[in-house]
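Place chains B, C and D with the ligands on chain A using the hints.
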Amino acid sequence: MAAEAPPKTAPANRIGLGVKDYGGLKSTLCVGCGHDVITRQITQALYEMGVAPYKVGKMSGIGCSSKTTAYFADRGHGFNAVHGRMPAVATGAALANPQLLYLGVSGDGDTASIGAGQFVHLLRRNVPMVYIVENNGVYGLTKGQFSATADLGSQLKTGVVNDLPAIDLCAMAIELGCGYVARSFSGDMKQLVALIKGAIAHRGTALLDVISPCVTFNNHESSTKSYKWAKDHEEAIQEIGFVPYFEEIHVDYDAGTTQDVKLHDGSHIRLKKLRADYDPTQKKMAFELLREATEKNEFLTGLIYVEPEKKDFLSLLGLADEPIATLPMERVRPPREALAAMMEELR
Amino acid sequence: MAAEAPPKTAPANRIGLGVKDYGGLKSTLCVGCGHDVITRQITQALYEMGVAPYKVGKMSGIGCSSKTTAYFADRGHGFNAVHGRMPAVATGAALANPQLLYLGVSGDGDTASIGAGQFVHLLRRNVPMVYIVENNGVYGLTKGQFSATADLGSQLKTGVVNDLPAIDLCAMAIELGCGYVARSFSGDMKQLVALIKGAIAHRGTALLDVISPCVTFNNHESSTKSYKWAKDHEEAIQEIGFVPYFEEIHVDYDAGTTQDVKLHDGSHIRLKKLRADYDPTQKKMAFELLREATEKNEFLTGLIYVEPEKKDFLSLLGLADEPIATLPMERVRPPREALAAMMEELR
Amino acid sequence: MSTAVLEDKTAAPSGPRSVVNDFSIHVATANGSGSMSSNNILMRSIFQMGIPVSGKNLFPSNIQGLPTWFTIRASREGFIARRRDVGVLICMNPETAHEDVRTVHPGAAVVYEESLNLKTLRDDVTFYPVPFQKLVLELVHDGKLRRLAINMIYVGVAAWLLDIDMEEVRRAVVKQFKGKEKAVEINNRAIQGGYDWAAANLTKSDPFRLERMNATAGKIIIDGNAASAIGAVMAGVGVVAWYPITPSSSLAESIIEYAKKHRRDPVTGNPTCAIVQAEDELAAVGMVLGAGWAGARSMTTTSGPGISLMSEFVGLGYYAEVPGVIVDVQRVGPSTGLPTRTMQGDILSTYFLSHGDTKHILLLPGSVQECYELTIDAFDLAERFQTPVFVMTDLDLGMNNWMADPFPYPEKPIDRGKVIRTEEELKAHISKFKEFARYRDVDGDGIPYRTLPGQIDNMAAAFFTRGSGHTERATYSERPEDYQANMERLARKFETARRHVPRPVLDGSGARVGVLAYGSSDFAVQEARYLLARKGLRTDSLRLRALPLTPETFAFIAAHDRIYVLDQNRDGQMHDILRLEVPDAHVARLRSIRHYDGFPLDAETVVEGIEAGEKN
Amino acid sequence: MSTAVLEDKTAAPSGPRSVVNDFSIHVATANGSGSMSSNNILMRSIFQMGIPVSGKNLFPSNIQGLPTWFTIRASREGFIARRRDVGVLICMNPETAHEDVRTVHPGAAVVYEESLNLKTLRDDVTFYPVPFQKLVLELVHDGKLRRLAINMIYVGVAAWLLDIDMEEVRRAVVKQFKGKEKAVEINNRAIQGGYDWAAANLTKSDPFRLERMNATAGKIIIDGNAASAIGAVMAGVGVVAWYPITPSSSLAESIIEYAKKHRRDPVTGNPTCAIVQAEDELAAVGMVLGAGWAGARSMTTTSGPGISLMSEFVGLGYYAEVPGVIVDVQRVGPSTGLPTRTMQGDILSTYFLSHGDTKHILLLPGSVQECYELTIDAFDLAERFQTPVFVMTDLDLGMNNWMADPFPYPEKPIDRGKVIRTEEELKAHISKFKEFARYRDVDGDGIPYRTLPGQIDNMAAAFFTRGSGHTERATYSERPEDYQANMERLARKFETARRHVPRPVLDGSGARVGVLAYGSSDFAVQEARYLLARKGLRTDSLRLRALPLTPETFAFIAAHDRIYVLDQNRDGQMHDILRLEVPDAHVARLRSIRHYDGFPLDAETVVEGIEAGEKN
Ligand SMILES: Cc1ncc(C[n+]2csc(CCOP(=O)(O)OP(=O)(O)O)c2C)c(N)n1
Ligand SMILES: Cc1ncc(C[n+]2csc(CCOP(=O)(O)OP(=O)(O)O)c2C)c(N)n1
Ligand code: SF4
Ligand code: SF4
Ligand SMILES: [Mg+2]
Ligand SMILES: [Mg+2]
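Residue numbers (the working numbering), protein chains in the order written: chain A, 1 to 347; chain B, 1 to 347; chain C, 1 to 616; chain D, 1 to 616.
Keep in mind the hints are simulated off the structure, nothing from the lab.
Where is the CB? At the ideal position from N, CA and C, for every residue including glycine.
Check before you lean on any hint, since a few could be wrong.
Claimed, not checked - Listed below are several chain D residues computed to face chain B (Cβ distance under 10 Å; list not exhaustive):
#1 P60
#2 S249
#3 E279
If we strip away everything but chain A, and leave its shape as in the complex, we get (with noise of 0.2 Å):
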């Protein structure tokens, strides 16, 4: 079951499965953790999109956040790989299997800090997965150090003030070429829920830079990355309606201060502007949206940019969708003649 038991009265979606059937082992994070919060809503959004669970490759690294994979989907695989390394580890997976969703969960410093460099190529290759930082600014595990996402000046509980900039997450993915990346709260449960679902039908990396706040230590007065801080100042630039392919659509919105995103399996992301004509799929816009928010110390969420035709890594290599995992040996062992081709050639 999922942290907390969602209602069993549950219907079943379109596999006919309900909410518990994603469900995972107990959390056994602290009470209170944002982290928890998230496992939920991935938990929603999996099962409202009818995603099979076995069908769920569930990635990770080291870290409170990175445990939490356990905590949902668990009829599908799990990899909890080594700190700050899941990138490589969901790469190498991707390739031999294409079917499987990655799903991955890190932390800030997990991605950010010993992961940087893997995050950067895994978002240069744009390898087909969803990749959700649950960022608390802190290396929750080991009790509570800065990480490279702690904001400029905040503090901790002890007193230490963070003297470096923090590292802007979906700036470096747009930067990078990510085609799907997004900022929330994981106290904005619909938002956030709406925000995954549309990672999940998009194709190719999606990043999602989720605050998640460290109930033991980083929710005290003096941090930018509590409950209370991000409550006060969340500010979201759309209000995100979802639309599944698989759910017939309702035109029934206004273009003007609607914009509506079809997405690579046929889904559609509605996005109500909450800011005057703010397009996500203009990545000038995005760059100096982050850069004024940063700037101005704001926190922003919401779809910050898409691209839905991006080709993915996969496609790149020209690979099929069958996977190379289960190909028998008859497909993968050339045949006599090939070898003595080759040894002809070396004659």
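Chains B, C and D with the ligands in isolation, oriented as in the chain A frame:
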């Protein structure tokens, strides 16, 4: 002596040294390698700035480019680190002795591929050093495979096409808060010397992304990092003049067309605008410029972003300028009373 | 005393006969429930009564809610290793209560929250049900404080049950809360409440009691990480680059604390130690080498996974001859393993760390005092031998509480090794040796001289540091003679180290059987030897304090028929290293005893291992 | 024959007595001068004459301009190891000409560019000055082509000097330039020009000649990296992740070439092998494990520095039990070392790679054919034992040209190990063993069963892969019993591997002296045994092909009084591993012979080492 001995006639600089005194061993690179040209510009810049050669700390990683630190300023110590890890070594050295000028030379593979993680964190910390990337889009020393700065669609001699987007080191640097970001071309000696001098005058990380053709593996027709391509496409955004702090300033320039930037050591960099009202002190413009250049596949060179006042890592740590490395025992070993006090607390 | 209690196991239930100052108290709680302060207060109170104690925290790799155990051992004889049998069990965690009670030894006393109803579980232990939940409601009015205060109540109950002097308890409370009035008052009330309730409602019927003695006067209580930190601070470390990892994080964090206070320049008031949290372990060790090259005393702290990540850089340090100190607070591997359990699992892979022919100097502290002393030595050795030096501690030493004498002030002046610092020194060197060649063995000990960047304005002083092949003059070379000569010199340098690393500690009286151990195994080994002696088996012991092995070790092996080598790992890693280096004729004398379940080594395991070996 | 020439060393200068098909040709040029094609043509011509040959390229770690040597050995007896003494020296590089001539053995023939004026250097060799510069101007009109063509001229000169059949030379040229008309024509002209000039102007006065024989019919010439690549392709590798590093890059690049042609799905035409250039070695091995976990046959190729960087991930593979193949084409370490020189320097550190208790399966190819075969085996073993398996080759094997019989088609079907692939298999497993527990040893061989992600829609099939402590059911655990039981199973699994890894190759006839070698040392060892035999010392030999050691090896050691262990490293790494594992009683029989100057091992070194050992 430097790769090609500079004219014996060169006059003495302000500390009475000739350009020869800034030379190094004979280069073992391929004849015509762009890196050797850059070596000469570095030599020239050190000479013109009148840097004491023995105060230069020459840092590098592994690669043809990284070898070049042996080819200049051989009165200074040099450190070839392991592949991709120059930033950490330079950071440690800077902490131990802030009084050296750390001049780092790396390659695009060394920096953007294996080194991406350390590069990110060096920039984030703003470690005081000159960081020159000799960017040829390939791994020269391992015989010409693509690096992560190879342009989308560019081709190897073998016909292999690069289908991944190039990492824009300048854009990354600005995103990560670097206070001196420039792009140049080994063929544009005048501009390059001026930019290196500016980098020496800057306090903090100064990044120079210098296109430096690999004549052996990446100088063919279909290459986008060849001499020909670079020559044909280079478009300088400014004409760059440099007035060192030790020469009095002539104020005879037109503020409309020329921008004067005062650097940390009191030197001035004079930017004669070739792009109507491009202002490198405006982050917004810098991002915009680079994004457009990528989209339009333009090759723009010059000082792209500068923020002279930015605090460097050592001042953030509150370190003094006196090297920790050479403090005598009396100043680093606490007295008996100190140990006694520590013990008392533990009783 | 120990054996008596070992006997108890069979004689259940134990009668009124009393066991004084020689048993352990086992407190079962949940992680993050704040029981740490209560346990410290309990331990300190006993310590202040003059009774030798040790405290071990058995905690999970999570932050809150999972089971945690804290064991306080009181030992009249001064044995502070873990012991298997529990005298007094305090059950505060419903999740584990049943198993805790089931696994406790016969004759034990069990204090528990009465609502748990454990009485029925067995009849060979003494039960003391206590209504902690009820009591805390009465004693603490502020609801928010109750979760913590409830743990103070068991301190009071234990105090009554074991005759702990309440005066000492109150002193311990003040120390624990650094005199914070309100905290002191609230917690004292809770403790007193527990004490009074127990006095009024319980009847003592177990044998365990504590009596004042005088064996702890002047001693300190400290964990090994703090001790190493003090060592580093006293050694004059100049650059610390680290990346957080259990169980080493508290070492770096202690340095931060101590450096703030004690590492300001007496002349300028500036910090004389730069401390950086790196982005990962590759960066941390890279910074250490950069700083060492530039002339600073530099160090990093890590654990197994970090050691693996540092492997490439360590090879550079070995081959380019750059000093640096790496403290490995070992935890259970392989891979992520058990981050909060202890093991000596990195010995072999660290000794040979990195590709190519490499061997490294390892220091092996066996106590908190040695965590302090050998950390200081590590800096001297790193600069003397111009190479990375490893200090191999473990979670048991590093994170648990140990009693020790106050650390002595380092009388030996800092040794910065063969560094040519000035123009004059350079001239002198050149006139003596014709020239300065960075990698030439002019002294015959394999150790060359070095200069530091930016110190001497003289062409002859400059050289190039690289991990690729080089000549004596530090110029690039692929010549076979140059390569081989340099590698042979490095081997010679390592031989020189045998004469400079800390000597082993011997306890010999000409027995035929030797016990060879290292690191945190020593406490259990010494207790085991005591127990074996009482059973009539005399043993000598040698405790290694460093690799490479020194002559004393070969002599010890030559002098004994059978040598039992204690390893806290599966593969007998130190046993293997000995096997590689002892003379052929002595190989058969080595016998390996391995303990590797993640718990600290205990005397019984050693006794059983040696007795089994002696049987055949 | 060999010994004859060994004698030559003393009998200088050698008279008219001729040395046929048993000498080596040493060509000194500059890197990047395009001499590679000339040298290949020279070697192939001799090969086509039916004479056993081998070609070794001694090149610098740079791209252009530094000295390079290419040695072609012709050996009637079929010995293809490096030999120290040079028969014919061709001096094309002014930079090294003097030293090249100085170091050549007495009696040698020296061809050189006449303007270099080497004649005066010594009088115990035969000089053949040739006006290469002049000739190239006459022979090649296109200036751009001259730099390369000049190297063809020495092919012609050598052809005349050594009686090489010009027909064969012309065939070799066609093969070299894949029939490209223009190139073939130009180069033939240059070669013929050199030949004609020599015929007209030189008089043969050295003993070295080549005569047609019939020992190479049907054979191929290939380097070990290409051989491993073919092995991988034939093994059905599905995912290759690599990072360029000398001397391993050409292995991955050969896979790319071969896969393009031979790894398209016969059914769909799609590629059945995904090849990715990773950003570094940590990523490369991470991708390998990810792919192995997902069920693909995956591999990476690297050298020493990469192995060090992979260390943490390899520990994860060992402990979480994920298959993957890692080929280490060893070069000279430590650190960057000598990237273009050969060594067996990573054996010990790879055997114990990563922190904690770990031991790995290492395969040790001793020829290009075994590079092919053992690479195939590596995939079977990796999946059978669910662990990273290393193929340890070296630069000499990997990048040099070796003669071999065509590789046999792999008759053994692919072994994918204990994988439960379908709902049915799962049901069967459960009915047989009650449940599917990922890490339970149900067969008693220490090897558990696994399922693959996304294959079976059944709760019972799913499990969690992690590097932290786990139960048999793959759930998280910190319990000491769980940890210890799992580690003991892993040790058991490793014992099982002893019975499945490739067996050593024995050549025994009951001699008292044994020679134990592995990898590229074999050629020199076999030649040395031949030489020793002619000097009256009979030896048996065993060539290891894998670690862990198998029973045959222990038997071999038991059957010989003295065993000489050949290591191409400073520390005698394989000798040490043997010392750890052989019975106590046999330890004293092991003697270590080490060669570690970066050059391939030669027979004389082995002879000298054994003779020295036998003296005392
Ligand atoms: C190589 C390595 N270094 C260090 C550690 C220790 N470690 C475990 S989790 C962690 C950081 C976790 O921070 P984050 O990714 O932000 O996750 P959070 O706990 O905050 O959710 C660290 C440093 C490790 N497991 N492996
Ligand atoms: C850990 C490690 N991996 C791989 C290598 C092999 N290697 C040496 S240089 C190099 C790339 C050099 O490319 P770049 O940095 O662009 O320098 P360039 O030669 O192009 O100037 C590589 C992969 C190495 N030395 N170390
Ligand atoms: S420590 Fe912080 S991040 Fe970790 S579980 Fe607790 S609240 Fe969550
Ligand atoms: S290979 Fe390329 S980068 Fe290297 S030296 Fe030659 S030209 Fe320069
Ligand atoms: Mg975090
Ligand atoms: Mg490059």
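Any hints this thing doesn't respect? Which numbers, in order? The structure breaks none of the hints.
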